[in-house]
Amino acid sequence: MGSQLNLKVSGGEDHNNLEAEIQRLVDTAGWQLQNGDEIQKTYHCRTWTKISDYNSITFFWKTHSPPGLSQKDVHMADFCDSWAQVVKTVPAGSAPSCSDGNAT
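Residue 26 is where the sequence shown starts when you use the numbering used here, and the numbers rise one by one after that.
One should not assume that every hint holds.
Said to hold, decoys possible - In the SDA-like style, the derived pairs of lysine to any residue whose C-alpha atoms are separated by at most 20 Å in a straight line are:
| hint | residue 1 | residue 2 |
| --- | --- | --- |
| 1 | K33 | P121 |
| 2 | K66 | P121 |
| 3 | K33 | V112 |
| 4 | K66 | G37 |
| 5 | K87 | N41 |
| 6 | K33 | H69 |
| 7 | K97 | D39 |
| 8 | K66 | G36 |
| 9 | K33 | L43 |
| 10 | K33 | K113 |
| 11 | K33 | D62 |
| 12 | K33 | V51 |
| 13 | K87 | E46 |
| 14 | K113 | D62 |
| 15 | K97 | S81 |
| 16 | K87 | A45 |
| 17 | K87 | R49 |
| 18 | K33 | S81 |
| 19 | K87 | P121 |
| 20 | K97 | E38 |
| 21 | K66 | S81 |
| 22 | K87 | R71 |
| 23 | K66 | D39 |
| 24 | K66 | D52 |
| 25 | K87 | D62 |
| 26 | K87 | H40 |
| 27 | K87 | Q65 |
| 28 | K113 | Q65 |
Claimed, not checked - Label-pair restraints from in silico Cβ distances:
| hint | residue 1 | residue 2 | range |
| --- | --- | --- | --- |
| 29 | N60 | A117 | 20 to 28 Å |
| 30 | R71 | L30 | 29 to 37 Å |
| 31 | N42 | R71 | 22 to 30 Å |
| 32 | H40 | A117 | 17 to 25 Å |
These are computed hints drawn from the structure, not numbers from a lab.
Predicted, not measured: the structure shown is a model, and the values here were computed from it.
Ideal Cβ placement from N, Cα and C applies to all residues, glycine included.
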């Protein structure tokens, strides 16, 4: 497991359990912790037609009430990762860019 995270945890959450779950997302699934209370990840697609934002989409998860990270955020991050497999996202380097002459 990586270094200890500086999490802002929603009231009523098990801090140690949530920290382990967020650490898993950061270490193995490519999520990034932002400001201790938000996780984000950008997914890339091989074609422009799957999404409308230049072949990528970024998700930000943050519980607002009560403020901080919660199991809801972990659940939604796992949900995003599951659907990313369904739509066959690719690493950023495999996605077309504006400079590619054959981007569709």
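Against the structure, the hints:
1. K33 to P121: Judged against 20 Å, a Cα distance of about 36 Å means the pair is violated.
2. K66 to P121: holds (18 Å)
3. K33 to V112: violated (32 Å)
4. K66 to G37: Violated, at roughly 25 Å.
5. K87 to N41: holds (18 Å)
6. K33 to H69: violated (28 Å)
7. K97 to D39: Since the Cα atoms of K97 and D39 sit roughly 13 Å apart, the hinted pair holds (cutoff 20 Å).
8. K66 to G36: Not satisfied, since the Cα-Cα distance of roughly 24 Å exceeds 20 Å.
9. K33 to L43: holds (10 Å)
10. K33 to K113: Violated. K33 to K113 sits at ~32 Å, over the 20 Å cutoff.
11. K33 to D62: holds (5 Å)
12. K33 to V51: Between K33 and V51 the Cα gap is close to 15 Å, so the pair holds against 20 Å.
13. K87 to E46: holds (14 Å)
14. K113 to D62: violated (28 Å)
15. K97 to S81: violated (23 Å)
16. K87 to A45: Roughly 17 Å between the alpha carbons, so the hint for K87 and A45 holds.
17. K87 to R49: Holds, because 17 Å separates the two Cα atoms, which is no more than 20 Å.
18. K33 to S81: With a Cα-Cα distance of about 28 Å, the restraint between K33 and S81 is violated, given a limit of 20 Å.
19. K87 to P121: The hint is violated at about 30 Å.
20. K97 to E38: Cα-Cα ~10 Å, so holds.
21. K66 to S81: holds (10 Å)
22. K87 to R71: violated (28 Å)
23. K66 to D39: With Cα atoms ~23 Å apart, K66 and D39 exceed 20 Å; violated.
24. K66 to D52: Roughly 12 Å separates the two Cα atoms, so the pair holds.
25. K87 to D62: Judged against 20 Å, a Cα distance of about 6 Å means the pair holds.
26. K87 to H40: Given pair K87, H40 holds - Cα atoms ~15 Å apart, limit 20 Å.
27. K87 to Q65: Status holds; Cα separation ~9 Å.
28. K113 to Q65: Holds, because 19 Å separates the two Cα atoms, which is no more than 20 Å.
29. N60 to A117: 20 to 28 Å: Hint holds: Cβ distance 23 Å, inside 20 to 28 Å.
30. R71 to L30: 29 to 37 Å: Since R71 and L30 have Cβ atoms about 32 Å apart, the given range 29 to 37 Å holds.
31. N42 to R71: 22 to 30 Å: For R71 against N42, whose Cβ atoms are near 36 Å apart, the range 22 to 30 Å is violated.
32. H40 to A117: 17 to 25 Å: violated (32 Å)
In summary, the numbered hints that this structure violates are 1, 3, 4, 6, 8, 10, 14, 15, 18, 19, 22, 23, 31 and 32.
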